[in-house]
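> Sequence:
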Amino acid sequence: MSISLTENAAKHVQNFLAKRGKGVGLRLGVRTSGCSGMAYKLEFADMVDSEDLQFVSNGVTVLVDRHSLPYIDGMELDYTREGLNEGFKFNNPNVKDSCGCGESFKV
Numbered sequence: 001m002s003i004s005l006t007e008n009a010a011k012h013v014q015n016f017l018a019k020r021g022k023g024v025g026l027r028l029g030v031r032t033s034g035c036s037g038m039a040y041k042l043e044f045a046d047m048v049d050s051e052d053l054q055f056v057s058n059g060v061t062v063l064v065d066r067h068s069l070p071y072i073d074g075m076e077l078d079y080t081r082e083g084l085n086e087g088f089k090f091n092n093p094n095v096k097d098s099c100g101c102g103e104s105f106k107v
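In the working numbering, the protein residues as written are 1 to 107.
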């Protein structure tokens, strides 16, 4: 079981945490939402919860709750810039379908 970050994603997270001046890593999970059923939750974590599973990738700690892990296990998180747009890209091998707007997915 694992979650990984590309080098670009790790650098972005590290830079953001440094600017914030606090934080232990990145919290990643899923929630019920959208037209396909699930959406990603992504936030910077200031502490580790007792229920968190921890992964370290390219020097960044990624925290995942046990409920979310089956839906995102094996996922690679990337940070990309395409023209004027930039943001995280979720490369999740478990996704079977996603909505047209790209906000939600189904496993």
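I should point out that these hints are in silico values taken from the structure, not numbers from a laboratory.
Virtual Cβ for every residue (Gly too), placed ideally from N, Cα, C.
Among these hints, one or two may not hold up.
[Stated by the list, open to error] No more than 25 Å apart at the CA atoms, straight line, and that leaves these computed lysine to any residue pairs for SDA-like: (1) K96 to L69; (2) K19 to G37; (3) K41 to N92; (4) K96 to D49; (5) K22 to D49; (6) K89 to V60; (7) K41 to T61; (8) K19 to S33; (9) K96 to L42; (10) K19 to L69; (11) K96 to K19; (12) K89 to S57; (13) K19 to T6; (14) K41 to S68.
[Claimed, not checked] Using C-beta positions, here's what the derived DEER-type ranges look like: (15) N94 to G21: 31 to 37 Å; (16) K11 to G74: 35 to 41 Å; (17) K96 to A18: 36 to 42 Å; (18) S2 to E51: 28 to 34 Å.
> Could you run down the list of hints and mark each one as holding or not?
How the hints compare with the structure:
Simply put, K96 and L69 have alpha-carbon atoms about 16 Å apart, close enough for the 25 Å limit, and the pair holds. Annotation: proposed proximity of K19 to G37 is violated, straight-line Cα distance about 34 Å (limit 25 Å). A threshold of 25 Å between alpha carbons decides the hint, and for K41 with N92 the separation of about 14 Å falls inside it, so the pair holds. For the hint linking K96 to D49, the alpha-carbon distance of about 30 Å lies beyond 25 Å, and the restraint is violated.
Using a Cα cut-off of 25 Å, the hinted pair K22 and D49 holds, with the two alpha carbons roughly 16 Å apart. A distance of roughly 16 Å separates the Cα atoms of K89 and V60; the hinted pair therefore holds under the 25 Å criterion. A distance of roughly 16 Å separates the Cα atoms of K41 and T61; the hinted pair therefore holds under the 25 Å criterion. The straight-line distance between the Cα atoms of K19 and S33 is roughly 31 Å, outside the 25 Å bound, and the hint therefore fails.
Distance hint between K96 and L42 is fulfilled; the C-alpha atoms sit about 21 Å from each other, no more than 25 Å. Among the hinted pairs, K19 with L69 is inconsistent with the structure: their alpha-carbon atoms are about 28 Å apart, more than 25 Å. Our distance criterion of 25 Å between C-alpha atoms is broken by K96 and K19, whose separation comes to about 36 Å. Note on K89 and S57: the hinted pairing holds, with a Cα-Cα distance of about 16 Å set against a maximum of 25 Å.
At most 25 Å may separate the alpha-carbon atoms for a hinted pair to count; K19 and T6 meet this at roughly 20 Å. Pair hint K41 plus S68 holds up; C-alpha atoms about 10 Å apart against a cutoff of 25 Å. Between N94 and G21 the beta carbons are some 35 Å apart, a value that agrees with the proposed interval 31 to 37 Å. Roughly 22 Å separates the CB atoms of K11 and G74, a value that falls outside the hinted 35 to 41 Å.
Roughly 37 Å separates the CB atoms of K96 and A18, a value that falls within the hinted 36 to 42 Å. Distance hint check for S2 and E51: the Cβ-Cβ separation is about 18 Å, which falls outside the suggested range of 28 to 34 Å.
Hints 2, 4, 8, 10, 11, 16 and 18, counting from the list given before, are not met by this structure.
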